[in-house]
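A.B. asks: Residues per chain, in single letters:
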Amino acid sequence: MRRESIAPREGWQARVEALGFGFHTIDGQAYWREDTCYVFDEAAVDTLEAATAELHGLCLEAVDRIVRAGRYADLGLDDRAAQLIERSWFDRDPALYGRMDLSFDGHAPPKLLEYNADTPTSLFEASVVQWYWLEDVAPEADQFNSIHEKLIERWRAVGGGPRVHFAACYDNPEDATTCDYLLDTCTQAGHAVEALDIESIGWSGKAFIDLADRPIDRLFKLYPWEWLMSEAFAQHIPASGTRWIEPPWKMLLSNKAILPILWEYFPRHPNLLPASLRREDVDGPVVAKPYWGREGEGIVVLAPGDQGHAMPFQVYQALAPLPVFEGRHALVGSWVIGDEPAGIGIREDDDRITRNTSCFVPHLFR
Amino acid sequence: MSNKGKSTPVVKRNAAPLNPVTKYRHPSFYPEQEPLTRKRTVAITLGVLGAAAVGFATLGGKDVQRNSYNSQEDCEHDYATGQCTREQPVGGGGYSGGGYSGGYHYYGPWYRSDWRSGPIKGDPGPGRSYASGGGFTGHGPTGFDFGSRGGFGSSGRVSARGG
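Quick mapping for you: the protein sequence lines, in order, are chains A and B. Going by the working numbering, the first sequence opens with residue 49, and the numbers climb by one from there. Going by the working numbering, the second sequence opens with residue 265, and the numbers climb by one from there.
Just so you know, these hints were derived from the structure itself, not from any lab. Every residue gets a Cβ at the ideal spot worked out from N, C-alpha and C, and that includes glycine. Any given hint could be a false lead.
What follows is a set of in silico ranges between Cβ atoms, one per label pair, in the way DEER data are often shown [unchecked claim]:
1. 263/A with 384/B: 19 to 25 Å
2. 385/B with 77/A: 37 to 43 Å
3. 351/B with 140/A: 29 to 35 Å
4. 91/A with 384/B: 56 to 62 Å
5. 400/A with 381/B: 48 to 54 Å
6. 386/B with 355/A: 38 to 44 Å
7. 204/A with 337/B: 42 to 48 Å
8. 335/B with 65/A: 52 to 58 Å
Using the sequences plus the hints, can you model the full thing?
C.D. replies: In structure tokens, the structure reads:
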């Protein structure tokens, strides 16, 4: 795994915009960078793929154990959430996608930092934008990326009914692009679709309805479960009959409190890091993470001996430093579509914590 | 390293599991179909994305309502045939000015409660009788069901989304 400086394509902004990628630059700062790329060898990609499949398997087993043991309080979840999770798990509600954030230097086993299993973003740039970049820049090379076709294939199992509704905060360009891209893949799988803003969802008294007052049978929502559960319509979810994508059981995996539970169930697993709800259980430097933080929100690195500030709903995970290339900390986002590893996207930053402003950099392998 | 261009897709090796602890496999995640074995996308075709074709209508107000009727004939007097549905009254969250007496009612389509602020494309409106001031007399609506919009989305206004 190495970082290479390369010449950007002439007029790259127009090229990526033509694909529908409108947020390549955010607040005047490059989000998409193609003046550099990451290069892997095939063995490294195989390692990432195998680790992703392994970790996903561990996560599913952990969900099953948590549900059967009723350990919802360990994840800060109340009875309402527990009932939804149990029902969706035992009903085998299928999942669409997720993204694992891994610390990987190309050699040592990848380590799971967290699993964005509910509302992962940076999907479109990983699936489409970097693929077209590869076609233009290095068509003889390969890329760990079959996200697009796996999404279409997965929709054949996940979609259905009269139509699949897609809801997001459409005033956010990244969310809108992610949601519309998924809608596109759903359409290509042969399903009727309808998009609406999350705020436009209605409640008719017995069903969630769209703007044409049609019942919402299947709803893809790019909106975290913990937010849904804290809002006024949460009371209607159990009786609504709506099938949710991602399903409620994903609440267990998108929650950082899954990290200590994974370590408890699978101690010393080579792809996991020591983690606990108590600082004193983890030696050396740790990363304190809130259960429900996103995009680096609330994450603090604590030096050895630093106890930090005791906060409720916080986990402590052993620090697995991201590899640094030319001063840039690189994070591998490894995509799972259905149950299969499907590709990666690289985010990098000057800081060791990856945030929503961290750049997306394409990759290839030879 | 061989050429792994799209004309010669890479075939994934069958890697042995790293750890034998992952015995559990949720049945729904393993559909009986041939798995895709390429690491690389063969072709990406985008349909609606980039064409700005994915939009959502905005009906404006968040609250909606629908008229209930004693008969399909009364409902279709106010709305077009096909816009009326026969249902059991909603148990909770709804209120009928005429009162629920059990059995079935006929309902017009949902429309914005603030329909008086002006018509919006796609909104069916309150029906002929109500719009003309016919009220509850004659063959007009006997009551209303009230629904609402906007019960989701408040967290998204103040927080970062995605992950």
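A.B. asks: Now look at each hint and say whether the structure bears it out.
C.D. replies: Evaluated hints:
For residue 263/A and residue 384/B, the hinted distance range of 19 to 25 Å is satisfied, since their beta carbons lie about 21 Å from each other. Against the hinted window of 37 to 43 Å, the Cβ-Cβ separation of residue 385/B and residue 77/A comes to about 39 Å, which satisfies the hint. At roughly 30 Å, the beta-carbon separation of residue 351/B and residue 140/A lies within the given 29 to 35 Å, and the hint holds. Between residue 91/A and residue 384/B the beta carbons are some 59 Å apart, a value that agrees with the proposed interval 56 to 62 Å.
In this structure the hint that residue 400/A and residue 381/B lie 48 to 54 Å apart at CB holds, the actual value being about 53 Å. Restraint check, residue 386/B to residue 355/A: a C-beta distance of roughly 58 Å breaks the suggested window 38 to 44 Å. Separated by about 44 Å at the C-beta atoms, residue 204/A and residue 337/B satisfy the suggested range of 42 to 48 Å. About 56 Å separates the C-beta atoms of residue 335/B and residue 65/A, a value consistent with the hinted range of 52 to 58 Å.
Checked against the numbered hints given earlier, the structure breaks only hint 6 and satisfies all the rest.
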